[in-house]
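Protein chains: 2
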Amino acid sequence: MILYDISSVIAPDMPVYKNRDEKRPRFVTSKNFSSSPVYEGRLDFDLHSGTHIDLPLHLFPEGDNSDSWNCTHSFTRSYLLDFSRIKGDRITAGELEDKTRDLKMDWHQSFDRTGFTILLKTVNSKLDKFNFSFVFLDHSGANFLARQNVTGVGIDALGIERDQPGHPTHKALLKSGIWILEGLRLDGVPEGEYILALLPLKISGVEALPARAVLLSPDSMPPIYR
Amino acid sequence: MILYDISSVIAPDMPVYKNRDEKRPRFVTSKNFSSSPVYEGRLDFDLHSGTHIDLPLHLFPEGDNSDSWNCTHSFTRSYLLDFSRIKGDRITAGELEDKTRDLKMDWHQSFDRTGFTILLKTVNSKLDKFNFSFVFLDHSGANFLARQNVTGVGIDALGIERDQPGHPTHKALLKSGIWILEGLRLDGVPEGEYILALLPLKISGVEALPARAVLLSPDSMPPIYR
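Keeping their order, the protein sequence lines are chains A and B.
No gaps in the numbering here: position 139 of the first sequence is 139 in our numbering, and each next residue is one more.
No gaps in the numbering here: position 127 of the second sequence is 127 in our numbering, and each next residue is one more.
Don't read these hints as lab results, they were simulated from the structure.
In this text the structure is predicted, and so the values were computed from the model without any measurement.
Incorrect hints may appear among the rest.
No distinction is drawn between identical chains; accordingly, a pair holds when it is met within one copy or between any pair of copies.
Cross-link-like lysine-lysine pairs, in silico, DSSO-like; alpha carbons within 27 Å at most [said to hold, decoys possible]:
#1 Lys31 to Lys171
#2 Lys99 to Lys87
#3 Lys31 to Lys18
#4 Lys18 to Lys129
#5 Lys31 to Lys99
#6 Lys87 to Lys104
#7 Lys129 to Lys31
#8 Lys31 to Lys175
#9 Lys126 to Lys23
#10 Lys99 to Lys171
#11 Lys99 to Lys23
#12 Lys129 to Lys104
#13 Lys171 to Lys23
#14 Lys18 to Lys87
Chain A extracted, bound-state conformation (with noise of 0.2 Å):
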């Protein structure tokens, strides 16, 4: 069976957006061996740390929160597609038209109530350090993405956009019911479709969910998800 561990490891030193301290994790150790019999700690984080989902609640005051969630949305279908080798600092309709033309994909094709999920794969995933110059999807791209039928859009960024004023990619998205994955990890994962199994821990109320994410061959999940 294929096997995918696409999220970002949360320690100390994990990459955080602009490197801003204030983005970083703090680890706790609360008990150790010199004085208790177990070993227990706590972790204080950003909860746009590493893989999370964002939830309308991040852009928009009467937006969804965490509670909107629910684990339906955690299999669905999902093609990652590859953009590694494009020239520019951004994603576009036109290069997300070129690809799924080269890939003859179907976007009208019945995925059920799950949907299916696209995932972008760039030069971000070589890179084990924050870079202010990632790669990430660019409004067209996010437009072009809402008319289609998709429910989520992932990223190997920890943005999904990049100083666009105004936040048109998160809200393109968003307010087309699309949720939006970031801080994937796909060096070495080809470009195709899989199983996306998608679990966020489950907190209440919040704008983002720090999730775990894999990808599993296409053949993984019954056929109502097919």
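Please build the complex by placing chain B on the supplied structure of chain A, with the hints as guidance.
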């Protein structure tokens, strides 16, 4: 497709072990819409909050930490055994023997490299607050399970044992390479066979991993996992 989310909710008022204040989660809003175009927060929580996996480092100074976990453990055949009607406050070897005789379970069937997991359902799942008399796995029950072809044991309590000097239940399981899953919510889930999908956060170097756990119908995985 059958899907049961068997994870605890992480929220400010969630139950914590023995209601200890130092175990409670702390939510902090880092940015909100009064001064920022985005809403963002942090979570400071005990790694043994809600649904989580105990690794050997929790009990043994030289024990493996979370870096020993990998996602090949994440999809396993699983039996949910219902002990909601036992008379005492602990699940003993005798009760496990009776139950598995009733169910005609074959402990020695081969489940390939992933093994299988046992989930213990008790009256704990009926209660939404911490119960100082919660039902737990007696050390005799742990020794019984450690002799079977089991790779993981889960329970619907924040501890797999309670007030047993020296933590013999934890130690019997962890010494046998069996991981422990605590903080499950099993109310409404019938006794029987499932696929356990268990995806913890990818936190490096720690003694426990917060996780999301769901049960799927047993025909949900490819033949290698059956």
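**Asked** Failing hints, ascending?
**Response** 5, 11, 12
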